[in-house]
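Residue numbers (the numbering used here), protein chains in the order written: chain A, 41 to 424; chain B, 32 to 329; chain C, 44 to 378.
Keep in mind that the hints were calculated from the coordinates and are not lab data. Every residue, glycine too, gets a C-beta built ideally from N, C-alpha and C. Worth double-checking, as some hints may not be accurate.
Here are some chain B residues pointing at chain C (derived, C-beta under 7 Å) [said to hold, decoys possible]: (1) G216; (2) N220; (3) L314.
In silico PhoX-like links for lysine-lysine, alpha-carbon gap of 25 Å or less [what the hints assert, rightly or not]: (4) A:K69 <-> A:K44; (5) A:K413 <-> B:K197; (6) A:K219 <-> A:K231; (7) A:K96 <-> A:K109; (8) A:K223 <-> A:K200; (9) B:K244 <-> A:K288; (10) A:K337 <-> A:K385; (11) A:K415 <-> A:K325; (12) A:K325 <-> A:K96; (13) A:K257 <-> B:K197; (14) A:K205 <-> A:K247; (15) A:K223 <-> C:K127; (16) A:K157 <-> C:K127; (17) A:K337 <-> A:K203; (18) A:K338 <-> A:K262; (19) A:K247 <-> A:K257; (20) A:K247 <-> A:K231; (21) B:K197 <-> A:K247; (22) B:K244 <-> A:K309; (23) C:K127 <-> A:K219; (24) A:K157 <-> A:K200; (25) A:K338 <-> A:K157; (26) A:K157 <-> A:K203; (27) A:K96 <-> A:K247.
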Amino acid sequence: MSRKTLTILLTGLLCLLMALPALAGEPIKLGALYNLTGGMSSIDAPALNGAKLKAKLINQAGGLLGGRKLVVIGIDTKTNQKAAATGAKKALAMGVVAGLGYGDTTFVMAAAPLFQKKKVPFVTSGATHPMLPRWVGNYMFMVPFGDDDQSFAIADFTIKKLKAKNVAIWTDNSMDFTKALSKFYKQRIQKLGGKVVLEDFFMMGDKDFSAQIARLKNAKPKPDVVFISAIPNEAGLTVKQIREAGLKLPIVSGDGFDTELVTTVPGPKLANDVYFSTHTYREDKRPEVLAFVEAYKKEYGHPPENAFAALGFDAVGLIADAIKRAKSTDGPALRDALAATRGYKAVTGEISYTRPSGVPLKAVSIIGVHNGKYKVEEIWMPQK
Amino acid sequence: MGAGYIAQQIVNGLILGSMYALVAIGFSMIYGIIRLINFAHGDIVMIGAFATLGLMAIPGVPFPLVAVMVLGVGGLVGVLIERGAFRPMRGAPQVTGFIASLAVSIILQNLGILILSAQPRNFSFPAYLQVMINLGPVSFRLVDLMIMVTALVLMLVLMAVVYRTKLGVAMRATAEDLDVARLMGIDINRTIMVTFAIGSALAGIAGLMWGGKFGQIDPLLGFVPGLKAFVAAVIGGVGSIAGAMVGGFVLGLAEVLFVGLLPPIYSAYRDAFVFSTLIVILLILPNGLFGRSSEERA
Amino acid sequence: MDLRRSFRLLILAALAGAGLVLVMQATLDDYILSIVKFVGIYTILAVSLNMTNGYTGLFSLGHPGFMAIGGYATALLTFPVERKAMFLPDLPAWLAGLALPFLPSLLAGGLCAALTALIIGPPVLRLRGHYLAVATMGFLIIVQVMITNWDSVTRGPLGLNGLAELTSLWWIYFWVALTFYVAWKLKFSSRGRTMLAVRDDEMAAQTLGVDVFRTRVFALVIGAFFAGVAGGLWAHLITAITPTSFSLVMAFNLVVMVVVGGSGSIAGSLITAVFFTVITEVLRPLEEGLELYGISEITMALILILILIYRPEGLFGSREPACLQPDEPARGERK
Chain A
41 MSRKTLTILL TGLLCLLMAL PALAGEPIKL GALYNLTGGM SSIDAPALNG AKLKAKLINQ
101 AGGLLGGRKL VVIGIDTKTN QKAAATGAKK ALAMGVVAGL GYGDTTFVMA AAPLFQKKKV
161 PFVTSGATHP MLPRWVGNYM FMVPFGDDDQ SFAIADFTIK KLKAKNVAIW TDNSMDFTKA
221 LSKFYKQRIQ KLGGKVVLED FFMMGDKDFS AQIARLKNAK PKPDVVFISA IPNEAGLTVK
281 QIREAGLKLP IVSGDGFDTE LVTTVPGPKL ANDVYFSTHT YREDKRPEVL AFVEAYKKEY
341 GHPPENAFAA LGFDAVGLIA DAIKRAKSTD GPALRDALAA TRGYKAVTGE ISYTRPSGVP
401 LKAVSIIGVH NGKYKVEEIW MPQK
Chain B
32 MGAGYIAQQI VNGLILGSMY ALVAIGFSMI YGIIRLINFA HGDIVMIGAF ATLGLMAIPG
92 VPFPLVAVMV LGVGGLVGVL IERGAFRPMR GAPQVTGFIA SLAVSIILQN LGILILSAQP
152 RNFSFPAYLQ VMINLGPVSF RLVDLMIMVT ALVLMLVLMA VVYRTKLGVA MRATAEDLDV
212 ARLMGIDINR TIMVTFAIGS ALAGIAGLMW GGKFGQIDPL LGFVPGLKAF VAAVIGGVGS
272 IAGAMVGGFV LGLAEVLFVG LLPPIYSAYR DAFVFSTLIV ILLILPNGLF GRSSEERA
Chain C
44 MDLRRSFRLL ILAALAGAGL VLVMQATLDD YILSIVKFVG IYTILAVSLN MTNGYTGLFS
104 LGHPGFMAIG GYATALLTFP VERKAMFLPD LPAWLAGLAL PFLPSLLAGG LCAALTALII
164 GPPVLRLRGH YLAVATMGFL IIVQVMITNW DSVTRGPLGL NGLAELTSLW WIYFWVALTF
224 YVAWKLKFSS RGRTMLAVRD DEMAAQTLGV DVFRTRVFAL VIGAFFAGVA GGLWAHLITA
284 ITPTSFSLVM AFNLVVMVVV GGSGSIAGSL ITAVFFTVIT EVLRPLEEGL ELYGISEITM
344 ALILILILIY RPEGLFGSRE PACLQPDEPA RGERK
């Protein structure tokens, strides 16, 4: 081969190589709607971190649909419903193939219906109300289990493992999440033959629970267990104050108690005999979990703050998996692929959408706190 | 619901009230001297709480020294805000200053989230302060007692300063009539600065107490004490230090007693009850408990 | 001659506005259109708060409370009967069977809010300055707590969702125009001058025979009516309404808009409403690009402080730009 031919060939090859990225196609955009400032930021910010991490890992492994890069566009909706609505419209105007976000039903309800209308799937990483798919429509998907599942799980544990007969229930009356949790818990306790001897209330943001504690002390018949339906902000405070008052009865809750605060605020001596139902992630030795924790530490310099980080990670993973199966990013096709998800190995457990309610069939982990240490007490599966 | 239960609730209310009082006093002082509703006052409480956390983490610093340093931090922040945001605006209509303080509050909160992250953090005092004290039916922790005692001591010191020192005379004069005070030769810039420093120092130490009482802090925690300070100051009559003190205790007691004495179903209505009471108090005493009706002529 | 001229100007302005609406609906995408709609709603809120706070000098933080009342009332009336049965089974019978079109529902919402103002006005408006501020704040919080706990009618914290998106740009245009017109007419009428007099020097106004108390109640009621309507428009734009939709934070934002625009200036309220709504969106890409969430809030707050330092009276003070001044009768001048 003459030198001239070789030069032409090599130049041609170089041009081809430089054009390859362009041939790889435009990026696949996902709109991540989260409250990164304002009151919900401690729950939502880690979720966005998790989501971006997953996208980065996918891109490192070669991207989707023939090398296209996955881009997660984080939109801060400032714990403000108007911003949620305009954020959703903005994401849709930017041509995202799917939306994800939020740890609270209120914000999902402000944003998801807009996606439904435009036939773009919306996957919530952290909102757990079991009626969501029915309220929004068939383009709505949940990564976590429903509140009914987690309440039933901890109720079963209360009656069967803790052998309780009389139960006290404290409810945060300012959030639909906590009210739903209490409602399902009470329903299940009574079905299993338990008795609710005291129902007390508080509001998100309350710092002092001395009145409720005094009523708890004086309740007749004496409650064997107290169920506290609260979000992370009040989790540590309630445990601390109850134990400081000298009450030793087991304290149970839902995934609102899945936070470091439940051990750090009371301290190792007082963080005792606390049990809560949550996503299968904490203290879990599955390879997906360990890999996630390692990757998160490497990327952000500290371990994941709470389960919402893992859930955000899973939301992106779920969408990516569906894109691969659908072999397209078209709205209806993606929706169908998502609905057909069976046994997707998420960090927070296996996800399958087999139930008519649209709520995923996922395992619930019951975590016990003893002397400031977490331990998986049991894994509960909902009935098919 | 025996007498012991009620006694316990009253004690709880007083402890909470002493913290509110401390924040309300600083707030009222600032209002008294330049007619400014400082909405960033609550965020100085937040800064005090985080400063405490940071200082306690330095090994070898004894706790009482931390408390003193936090006073300094609070005062410094107050002075910075005064110089940066409020001094250029002196002489403007009242509501302008209010809005500016709101802007400062937004800046502090968002800086807090950016720098410190929104995650709530655990906050614990040295163990010897967590000891439980039992006096008959009533029990509280040593830290609660310290909060109340410190608050009262600081209030007494403040009263002494305001009513027995030359600085206090300058403060009262400036509060009464700024222009005349200036004509009398009082350095109003310095007086205002010192007032801000003292008021903010009190807010800073209130932050230390807040963290110690509740065990948990986050960058947005300032909103609640700021609001309560405002309400407490209004109950007592804005501008009156004694009024702010009393207002703080009244508010603390009202909050705890409403939840404590009413059936559980009403616990969720607590804020509504407290504010309704507030409105009723104001209707009977339109200038708060100790306020002067000349306030609004400014 | 004067009357004809202002009338012609008015018609011209209305037509220009309508033309603008047509163009915007045809060309803008959904996202930008929703921003424009929010600008409209904030304008209604700012101008109506101006009538209460700006003209009369009241310091009311209760505006979002009236929005909430109006918003929920409107939503409950437009909610289709079948959905009411599903979501709100405990509704009283007369309400459960009722479903009205948008305009009557909005009017009903505004009227509910105005009625509430009429009831709480007399006791609360005896207070002055910061005491009034705290009392109106108390009103707002009481409304929030009531809504959160009155589950059977409001669904508590969950709120009402799936509302029909009835708020079109035309409706907003209509209400903005109406609010403007009422505010403008009011400001330059005898009653409006009375309100401004009460603000500037109450004692002098009283010596001139002004019934200060009635003036203040009137100011609250008329502001409340438009706030209620705005609440209804808001609810049907976001398609959801919850107890936290209208909070103390919003009360502060509205007061900011009124003060920065100039207490008593309609044009000022309009410009500030537009400015703040747009700036938030404009700063967003910056925030997302730098991944420094919170920067847009900080920037807005800094801009706010700068405006207040250099123009403490607000952008327009109490005046209106010359083109909006009504034609004064000639005072020895030639026109």
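Hint-by-hint comparison with the structure:
no.	hint	verdict
1	G216	violated, 27 Å
2	N220	violated, 17 Å
3	L314	holds, 6 Å
4	A:K69 <-> A:K44	violated, 44 Å
5	A:K413 <-> B:K197	violated, 57 Å
6	A:K219 <-> A:K231	holds, 18 Å
7	A:K96 <-> A:K109	holds, 9 Å
8	A:K223 <-> A:K200	holds, 19 Å
9	B:K244 <-> A:K288	holds, 21 Å
10	A:K337 <-> A:K385	holds, 21 Å
11	A:K415 <-> A:K325	holds, 12 Å
12	A:K325 <-> A:K96	holds, 23 Å
13	A:K257 <-> B:K197	violated, 54 Å
14	A:K205 <-> A:K247	violated, 29 Å
15	A:K223 <-> C:K127	holds, 21 Å
16	A:K157 <-> C:K127	holds, 22 Å
17	A:K337 <-> A:K203	violated, 39 Å
18	A:K338 <-> A:K262	violated, 49 Å
19	A:K247 <-> A:K257	holds, 19 Å
20	A:K247 <-> A:K231	violated, 33 Å
21	B:K197 <-> A:K247	violated, 40 Å
22	B:K244 <-> A:K309	holds, 18 Å
23	C:K127 <-> A:K219	holds, 21 Å
24	A:K157 <-> A:K200	violated, 45 Å
25	A:K338 <-> A:K157	violated, 39 Å
26	A:K157 <-> A:K203	violated, 48 Å
27	A:K96 <-> A:K247	violated, 39 Å
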